[in-house]
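Undergrad: I would like the entire structure built from these sequences, with the hints used as guidance.
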Amino acid sequence: MTAPAPASTAPGTRRGTALVTGLDVRAANGDGTEEFWRSLLEGRGGIGPITRFDASGYPSRLAGEIARDPGEDLPGRLLPQTDRVTQLALACAAEVLRDSGLDPAGAPEYGIGVVTANAAGGFEFGQRELENLWAKGPLYVSAYQSFAWFYAVNTGQISIRHGLRGPSGVLVTGQSGGLDAVGHARRMLRKGTPAVLTGAMESALCPWGHVAELTGGRLSTADRSEDACLPFGERAAGHVVAEGGALLMLEDEASAHARGGIRPYGEVAGYAACFDPPPGSGRPTGPARAARAALADAGVEPADIGAVFAEGAAVPDLDAQEAGAIAGVFGPDAVPVTAITSRTGRPGAGASALDLAAALLAVRDGLIPPTADVGRVPAAYRIDLVTGRPRPMAGDAALVLARGYGGFNSAVVVRRCGPTPR
Amino acid sequence: MKGFTLADLKRVMRECAGEDENVDLDGDILDAPFENLGYDSLALLETATRIERELGVRMPEEVLSGARTPRLLLDAVASAR
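Respectively, the protein sequence lines represent chains R and U.
Residues 1 to 422 in my numbering are what the first sequence lists, from first letter to last.
Residues 1001 to 1081 in my numbering are what the second sequence lists, from first letter to last.
Take the hints with a grain of salt, since some may be wrong.
Claimed, not checked - Quick look at which bits of chain R chain U covers, simulated, 3 or more residues with Cβ under 8 Å:
id	region
1	71-78
2	130-144
To be verified - Listed next, with one range per pair, are the computed distances between beta-carbon atoms:
id	chain 1	residue 1	chain 2	residue 2	range
3	R	16	U	1054	53 to 59 Å
4	R	261	U	1065	21 to 27 Å
5	R	108	U	1075	41 to 47 Å
Claimed, not checked - Part of the chain U face toward chain R, derived, beta carbon under 8 Å:
id	residue
6	1004
7	1005
8	1008
9	1017
10	1018
11	1020
12	1024
13	1026
14	1038
15	1042
16	1045
17	1052
18	1053
The set of hints was computed from the structure by calculation and includes no laboratory data.
Ideal Cβ placement from N, Cα and C applies to all residues, glycine included.
TA: Rendered as structure tokens:
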């Protein structure tokens, strides 16, 4: 295999500096980047009763569903072989490419890679084919089941459709995946790949997927959407499943400068990940360690961070751990915190990708979107939770925190950056 | 039992593997290699399985792998019945 063509180094650029030069969001409260951002700023949520299947017999009956059928934006050829999550990823990826202005045909053959994260796979497709196997027999199982269920399928389908043959990969790290994929894509840039399409997408809104989520014991059983997901609230009682995510074009600064006149959403300035210590060790869980390491990677101090986009598990002990980590790193009530999962629900790995997208838009516009009204926040948390209205953001950098079921912790620092010279 | 025609084959192909926007299945495709029509080996496997289900026949893999065009696949179906 030929080595990836290194990006030409334009004067004044730093090799390995990762700019976000394309972005698209699919979320229950907004299809597309700007609609999602307006919804967040105006306080619109996307959580409602599950309509995609009859959920009346399940303890959790709310979800963040995306209304638009992503298949409408795809060639018919791709529909029989893809789960809904892949259709969302493909439609999103096409928009990211368009938004970035990068033309795969004009790039070096191995110049653009694909690194995505996904925690569930193509569950709805898998459920249908398992039903066929059980009820009718093996001849009735789609040949496409061989890959359509698989976590890696989004990366593969995006790569094939657009001819993106650069270094590629897939991360399965639970809800943290959206950040871990971007962290991995950034490594690819540092090794010389000019651009990587990255991020995470999730959709498993079918009975099989729902039962799998329910076994985690962290889903809200509320019936009213305004009570459903209350991160850091005194009445927090679980989160809400959702579909969606965000993909972005991570491009080496030298490549973006060579193209000229690019207006990046921002820079991915720092990334770190760590595992929780084993249960029962008595040692603190990982969010503080991941946050400090990401700040160090970005070369910034806690005081340089204008906002924290928290995971916001909306599970009391997890909220207490995350609040403790934030107060520990930044000092009590020292940094504005927001948790957009209260608006979007929590689409697995897509959740941290949504947080990252929101953080990029926050540093772009200097505004912190408010968390939904979560009621009283326990005083012991010592965090400054942004609620009600958007708050102007100080400084030019934000921290995104994510945790995945089973001990994953990840953190990303994003920073505002100006347009590249023409 | 009536024969399995090109029209039947096209219907099955569309149902189980969709249609490539750049290819007109209603054109003269009888001797066009499946790969030129946008159907890879997996799409053909799906197509063959559907035909086997509809007609209640079995087509051995070595027969299928030789059926590189719609005409050859129709011949394979005919000889399997």
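Undergrad: Run the structure past the numbered hints and jot down the numbers of the failing ones, going up.
TA: 4, 6, 7, 8, 12, 13
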